[in-house]
Amino acid sequence: MTNRILLVEDDLALGQQVVETLSRAGFDPHWVQDGDAAGQLDPDAYRVIVLDLMLPGTYGMDLLKRFRVKSEVPVLILSARDDTADKIRGLELGADDYVTKPFFPEELIARIKACLRRPNLVSTKLITVGPIRVDLERREVSHGHGVLSLTPVEFEIISLLARRKGSAVTRDALVDAALDPAHEGSRRTLDVHISRLRSKLGEHATRLETVWGIGYRLSEDA
Amino acid sequence: MKLRARLALTLSLATVSLLVLLGWAQSRWHSQLRGEALAEAAVHRMESGERERCEADPARWPGPQSVQRSERRPGPPPRRLPPYRIFAYGADFQSLNPENPPFPPELASRLEAGDDIAASRSPNRRRTEVAVRMPWVEGPCSVVLMRAKGPPKWFSGAVLMPALLVAVVMILVALFAAGPIVGRVRDLTESVRTLGSDSNERIHVRGNDEIAELGAAFEQSRLTIRAQLESLRDRETALRNYIANTTHDVMLPLSVLQGHLVSLQQRIEAGETLDVAAVVPSIEEAQYLGSLLHNLNAMARLESIEGLAHRDSVDLNRLVERVVERHRPIAIRKHIALASAVPETSIHFRGDLTLLEQALGNIIQNALRYNESNGHVAVVLRGSDDAWDLTVVDDGPGIPEGERKRALEPAFRGNQARTRHPHGMGLGLHIASDVARRHGLGLTLRDTDGGGLTVELRHTGQEARRP
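Heads up: the sequence lines are chains A and B, in that order. Residue numbering for the first sequence follows the working numbering, beginning at 1 and increasing consecutively. Residue numbering for the second sequence follows the working numbering, beginning at 1001 and increasing consecutively.
If you are wondering where the hints come from, they were derived from the structure by calculation, not from laboratory data. Bear in mind the structure is a predicted one, so any value in this text is a computation, not a measurement. Beta carbons: idealized from backbone N, C-alpha and C, even for Gly. Among the clues, some could well be false.
[As the list claims (entries may be wrong)] Far from chain A, some chain B residues (derived; all Cβ distances over 12 Å):
| no. | residue |
| --- | --- |
| 1 | 1166 |
| 2 | 1181 |
| 3 | 1312 |
| 4 | 1313 |
| 5 | 1325 |
| 6 | 1352 |
| 7 | 1356 |
| 8 | 1377 |
| 9 | 1394 |
[As the list claims (entries may be wrong)] Covered stretches of chain B (in silico footprint by chain A; criterion: 3 or more residues with CB under 8 Å from a CB of chain A, positions within the stretch not fixed):
| no. | stretch |
| --- | --- |
| 10 | 1229 to 1239 |
| 11 | 1256 to 1266 |
| 12 | 1380 to 1393 |
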């Protein structure tokens, strides 16, 4: 699918900066400075629309309404006004998210990627995290070297982490899902199970990261 | 036109109209009485010997006649009759006297219709004609026609003077009676005028009538206007504070930022090789500036109202994700691990989206700002819609227990020095604390196991205070 992103921003310096940021992140930005001109475009030709609210010509909210009539393309609002009414109205009109100015370029890219990957929860029966494959239906976990021999507790732990791949999961949530929370020393027991899981994952053990203050994460990046 | 003059004029017009109506009625009544009196006089005169004379010589009766005057009659005082002339006719309304005027057809038809007396006015309204059928029906003198000068005046002198007197008295009474009303209206006018200079002066009008109701309406308006004025004054004060605080607070980090940039320029000019870390303080200062402006904005809004201006359903999972992503760039640059965890099912909470974001952002920013390189900050949301807690855990320097309460207070208020304290003792944690209070959330500060600070926002399911 195309990586084309529509940027509607009237400020020259900021627009130029965002275009460069998007290009560096591997997107193909199309920059429009005027609300009226943006209204003439086909929103479905883009993966994401980044929309400033205070525009010459058509106001950003009106543009959003117009886009929503004919398209479900994710829309990210850029707003200089830190105003609740604006944010709520934008979200009610169908915006997927908003970023308040000033923002770091990385923040904008992170929000765009978040728009693209929603919904966050994985609902398929077969989840792939790098070389690790978790078959929720057959209750099997495999990697390049074949199927792993896991205990039921270890499978529950890795399946929860796989369902929420890339996100940190708290120890409490893992204990709730895989162990008896009433059992004394559940947290320490969890650490033991994690340690065994890492041994079984072998060279891919680094994907099962410890997240300080939270718990664990199954990372998509090696 | 003044109220008194308007009232007097209205009463004058009403009185004049009434007098005209009475005069017209009096004239009609006089006219009827006059006709009856003339008819009675004619019958009496004919029965007193004139019939015989008339029938003896109808061609010359009554002879050369001057205008007849009223005659004295026995009995009660006679009604005063106008001067009149008399003519005799037969039953066929023909006269044997060639000098008599022809009988008026209108009167003839009325007598033929059965009336014994018929009266009419001449077309020029200058005389009255009365036809009388005599008690006998035969002979040349069985019908008599009388002519008298015009109808009576509407207002005779005897009626005119009392009528005018009544009119004058009524106007005077009206003017006198209007005095208290005019006085109350003047009082009301004065009170409303005073409102411009002193909105605390109460408007009170005595009584239980429309003027009192008008006064009560003005009083209600005064209270509304005063409330609006106070609200405007509060807003103006908040705005002034905002501008003053912004100017003061922005200058400091701006100066620091300028200093960083100048220092970088000088080091580059000196040929020094700079690593990435040299730029981090400038970036951090720029981020601090943005955050400061958001905080001042939030502070101005919090000071302008009690409670909350907005209460919408907020997706806390998305909120945590958004705020953490906002701070991740600075965490990466400072080599601090920033991570977050939210439950699988989104937690929703009714609150002010901007203020909640600002509160969490301030807590995370403090955790990052005062932590060291290779430190950690974890943001964890747990629970459900009914009860949840949001904790920001760090392994930074922490805040000594004795200073935690002070850390939540607005240290800068009333303090012209407004120095930037460590541990966020400026606006950040105070705003977080205020936002938590307004949402009915608990905010606690405690030590992190192994060192550092843990800030917890907790919703126990208790209903937050409504705005």
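Evaluation of the provided hints:
no.	hint	verdict
1	1166	holds (71 Å)
2	1181	holds (51 Å)
3	1312	violated (5 Å)
4	1313	violated (9 Å)
5	1325	violated (4 Å)
6	1352	violated (5 Å)
7	1356	violated (9 Å)
8	1377	violated (8 Å)
9	1394	violated (8 Å)
10	1229 to 1239	violated (count 0)
11	1256 to 1266	violated (count 0)
12	1380 to 1393	holds (count 3)
When held up to the earlier numbered hints, the structure conflicts with 3, 4, 5, 6, 7, 8, 9, 10, 11 and fits the remainder.
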